[in-house]
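**Q** Go by the hints and put chain B onto chain A.
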Amino acid sequence: MTTNTITTIDTRATIHPRWVRICHWINALAILVMIGSGWQIYNASPLFDFVFPRQIALGNWLAGALLWHFAAMWVFVINGIVYVTLGIVTGRFRRKLYSIRPKDVIADLRAALTFKLSHEDLSHYNAVQKLLYTGVILAGVVIVLSGLSIWKPVQFQELTALFGGYDTARYVHFLAMAAIVGFLVVHVALALVVPKSLRAMITGR
Amino acid sequence: MRQRRIIPGVDPKLLIKDATKLMPDASRRGFLRGAASLGALTFLTGCDIIDGETAEGTLRKISEFNDGVQAALFSPTKLAPTYPESAITKPFPFNAYYDEDEAPEVDGKTYKLEVAGLVENKKPWTLDELYALPEVSQITRHICVEGWSAIGSWQGTPLAEFLKRIGADTRAKYIWFKCAEGYTNTIDMPTALHPQTQMTFKFANRILPRAYGYPMKIRMPTKLGFKNPKYVVAMEVTNIDKGGYWEDKGYNWFSGL
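Protein chains in written order, with my numbering: chain A, 1 to 205; chain B, 1 to 257.
Okay, chain A solo, but in the shape it has when bound (with noise of 0.2 Å):
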């Protein structure tokens, strides 16, 4: 066996790049947090007819939460910047993710329901998987720009008046969460009912 080979193996082998593994950690550590504190955030007021329970909410209280919020952000917002910035330049985006064609979704959702669709090659996604994918990723492009604008409605009010003006900016927020907590249940459904995904994530492979 020659080292040429080994190197082609390996090459093969790796399902997700080191960078990918500590940026999808760090995000999911960051998100967490901010999912948390967000909904103590909220409960001081609602915009909706319920409270998030205190026992999954994080902070204890506004004053708490608002520290933990806006001292995750930094972390997701930097890691998020990193992530995306890797994701263009490797040209992993466009590979793994560019070209969602309706007709395979809907081919592989039905797959997917009646337990049919294949996870052999875990470097390859299916379309349900690409339109998951893109689809939280814009979500987090959403949820940092209509933060922003929740933030500095004054200093950034170009961008809060992009958003429909401060008030408006606040339901965005909070659907743009919802959005990604909906992928966070299937994501890490999927995750434990291929266990060998959530090794790949771990080890590369």
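Hints may contain errors.
As the list claims (entries may be wrong) - Okay, the calculated beta carbon distance ranges per label pair:
#  : chain 1 : residue 1 : chain 2 : residue 2 : range
1  : A       : Ile-88    : B       : Gly-167   : 28 to 34 Å
2  : B       : Thr-77    : A       : Phe-50    : 39 to 45 Å
3  : A       : Arg-21    : B       : Lys-90    : 29 to 35 Å
4  : A       : Leu-159   : B       : Lys-122   : 39 to 45 Å
5  : B       : Asp-241   : A       : Phe-50    : 36 to 42 Å
6  : A       : Ile-81    : B       : Asp-107   : 52 to 58 Å
7  : A       : Glu-158   : B       : Asp-107   : 41 to 47 Å
8  : A       : Glu-158   : B       : Lys-122   : 23 to 29 Å
9  : B       : Pro-84    : A       : Leu-192   : 53 to 59 Å
10 : B       : Ala-87    : A       : Ala-112   : 44 to 50 Å
11 : B       : Pro-84    : A       : Tyr-98    : 45 to 51 Å
12 : B       : Pro-81    : A       : Leu-113   : 46 to 52 Å
13 : B       : Gly-68    : A       : Tyr-98    : 37 to 43 Å
Since the hints were derived computationally from the structure, they do not count as laboratory data. Even glycine gets a Cβ: it sits at the ideal position worked out from N, Cα and C.
**A** Frame of chain A; chain B shown alone:
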């Protein structure tokens, strides 16, 4: 339901309930305990990040860092959006950490605004003298740290103008306000000098009612509501950050918008 009612026509009683929720009672005091999401964090990091003082201290340090970021983002000339009269929230909410009946009752006849610190003229100001100052008006959005907002109409004198008249050293870093009920608040000088920062004597062109801070409120549309003190009885131009009622309890100090 609570919030949806606040935007079109505010129910002050409900807001009071909101405000009391801001008060940290003994069970709320710790920022870090009693949250299941932290269980997940501990699981993910493999370490117990909730072990008390250190984490709380770190969060406060980051909050101070955020003060610096916000001061850098603050533009001394960028104006908060203004609105037409038709946009004014009616009734404008009463908001405090106490019930409306418990709001301070200041006697306008004996009231004197005390001026202290790095100023040339420390003569106290009577209400008549304050009312004689040039008047400007603004219709701006009041944004509460809780998230809700309301549009109000405020009339008074630009604080920058008043600072000039008392010969304040505007190179000083802070202005500290003291209120009739004991509430305190410190703001940065750039915000004090912002053109929309106003010593407010009127709401919707009528003498400020007791609920909104009679006889004087400091209106800053560039800061969260709790940084806008009501019932102000004294101000001090200073280089020492004396903190404030909510800031000392953990709310971000700068709280700029």
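**Q** Go through the numbered hints given earlier and state which of them the structure violates, listing their numbers in rising order.
**A** 1, 3 and 8
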